[in-house]
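From first to last, the protein sequence lines are chains G and R.
Quick note: the first sequence uses my numbering, first residue 1, plus one each step.
Quick note: the second sequence uses my numbering, first residue 1001, plus one each step.
Hints should not be assumed to be uniformly reliable.
[To be verified] Label-pair distances were calculated between CB atoms; the ranges are:
hint : chain 1 : residue 1 : chain 2 : residue 2 : range
1    : G       : Lys186    : R       : Ile1229   : 44 to 50 Å
2    : R       : Ile1112   : G       : Glu66     : 21 to 27 Å
3    : G       : Phe7      : R       : Thr1304   : 19 to 25 Å
4    : R       : Lys1298   : G       : Ile22     : 56 to 62 Å
5    : R       : Ile1229   : G       : Phe7      : 39 to 45 Å
6    : G       : Phe7      : R       : Phe1297   : 24 to 30 Å
7    : G       : Asp48     : R       : Ser1247   : 30 to 36 Å
8    : R       : Gln1004   : G       : Lys113    : 47 to 53 Å
[To be verified] Interface residues of chain G toward chain R, partial, derived using beta-carbon atoms under 8 Å:
hint : residue
9    : Ile109
10   : Pro112
11   : Lys115
12   : Met116
13   : Leu167
14   : Leu168
15   : Leu169
Don't read these hints as lab results, they were simulated from the structure.
Keep in mind that this is a model prediction, so the values were computed, not measured.
Quick reminder that beta carbons are idealized off the backbone N, C-alpha and C, glycines included.
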Amino acid sequence: MKKIILFFTLLLLTGCSDYVEINELAVATGMALDYKNNEFTVTLQIIDQQSKEAQNKMILFEANAESIDKAIGKISKLANKKIFISHLKAIIISPEIIEKQINYQDYFIRDPKSKMNFFVYTTNDLNPKDILESQTNSEVSSMYLDSLLSFNEDVYSSSVELKFFNLLLESLDQGKNVVYPVITFKDKEKKKDIILENLITYNYKNKKLTLNEKESITYNILTNNAKETIIDINCDNKKFSLSLDDIKTKFSWKNNTFNIDTTLGGSLGSYECEKPLTDKDAEKYINDLAYKTLQDNINNLIKKAKENENDFLGIGNHIYKFDYSYFNFKKNNWDQKLKDIDIKTKLTLNIISKGEARFNMEGEKQ
Amino acid sequence: MKEQINSFSVTSLLLALSGSTYWGISSSYIIFKANTSVVISLILGFLLSLLYCYILLKFFSTLPEESFANKLKKLYGKFSIPLNILFIITTFLLSSTLNYRLAKFLSSQYLIDTPPIYLNTFIIFLITYIATKKTETLTRVSVMSFYICLIVFVLDTLALLPEISLIRLLPILTVPEGNILLSAFIFSVFFSLPCFYINIVNKNKIVNKEKFNKSFMKVYFISFLIHFIIMFSTIGILGIDLMNLLSYPLYSVLKRINVSSFIISIENVGIILWFLYVIVGTSAMFLFMINQIKDTFKIKKEKTLNIILYIIGLIAIIFPNIIFNKSLINTSFKMVIMPTICYLFSIIICLISLIIYKLKTKKITSQ
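Isolated chain G (complex conformation):
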């Protein structure tokens, strides 16, 4: 009996029928997606394993098809290798895909090899393929795109770190519109130097709303996406900058009023104002100005969301979670209802440091 078992076991251990040698795999690190004339244009950035250089080069492959799956199949044929998307770092989708609500997510959900942890970017007026084309060596490949957002979140917070997994969560959430990070070239003519632009979002009518830098930073403050950021504050035709950290925002829904409670810690950066920092009331002066600027930024952003009928802040989502019966999110349109919501904001700002300098250079000259 044991011999029979051993015989059958050996038969089962001969190898897997779908085994693929690593040399026969095309490891995709970046993908650009466009949709025109009812067809997807898929551009894949693939690691060139044949490259003899110390650092692998990247090769681009492009194919058009009615589905992403089919286009990837065509690329596989072109590359003569099986496409492997587990190591995908970033995908760049064209605005047309979002505006026309083309379902591109399905492919990444269904494919068991997809890890769903890659970054998602969109472009404003560029072909997404151009971004990938500008990065053919591994130093500025999709790995660069991967770190671009993480770095931004850590130091400036003018963009948002959108991973595919979070995109799915936000797309499925009630009362919240997805906010996309935009990627572009600093030098658009030469197609050089990739930079992050500000944020864009689309409402229920697929109307695009662009947030400027100030609004993008405020959005990140209100949604707890910002770890650190810097804001400029005007003072008597001059300005000072404030580096913000310890950012925490809490939403609450009480008595049909939506409350936004933000707490910020700050330290003074550059200071050009006429009021000397050595003055007794200098701290109050800075605090009041910073408070007013931040409060204005928050109020303006909420006003923009209401005016444009676009709940990108997730106010509706919070209400859905805590007061399920308040509004029928599945049958009615929340974006239109947003303007009727009474929103109150509360800001607590603690400026904890004026930096190393005791007074400003100009003050010393006077």
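Place chain R on chain G using the hints.
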């Protein structure tokens, strides 16, 4: 020297038995039915399942020197033969369903071009081999897998902890009460009724049988806690809408493990829980089947029994491909309804047996 079985080694089987149906079968169904209220359903289902545990423990203590088949023989006389055969059939259906589900999962996630029948063959050979080694070996495997499962579970949970967002569990009451109750019932059925297969052992064979009930409840509670935490953290990470969208949410959530951008892609280690649960659980079911055949048909030759077991194994490889046709809806229906009917059959028989036993003992004492 004949090896001895203690209470813990038998009750460690409960972890695998109660959990074997959770992955890919009952969890998907209860999430679909109860949405975010699934947390309430789990608690209600657990409380409901305690009733079955009480019946099961009473039945287990009845005629402690007899095997399950002989217990039925003493209680039902001639009628015990069709009942024992029915138990063999229901056990076969359940074990086939569980093995096929695991094979389907492995085929869809890891070996996409490999047909499930190939993987099912491998799984069934393994469990048949364990079952031929009898209770002592099975309980040893079970104790080892108990500790492995606990360690893997704790590590998975700790790694996923930063990803959990409690707000994703809200709103809690979004479905009608009927759905919550149905979901609770299905959970209690799938969670508690496989524990019936502890009947592979006679109570008298356990060296410290006086501690059996206590050990049973301890492991049973640990098992519930594991299932509750798994569900709780999965909703807290994926949210209910994404969970409903994914075929294997309890597996997909493990893809979120990312410890300092260093420990990633360890979902394959995490999912070992499902593999161990099914292997140990269905091995117990195969052993139960062979014990039933042995006692019902009075087959004493070990070699004949082993051959029968391998024949059952071969049928179990072919059977799911006939019953679970390619229609997905039909498959899900069979995977939920069929085990429920099988399990309900076992609870009814246990209950009737207890009543008959009580009546018989009453009669004897009154005489």
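Quick check: which numbered hints come out false for this structure? Hint 13 alone not satisfied by this model.
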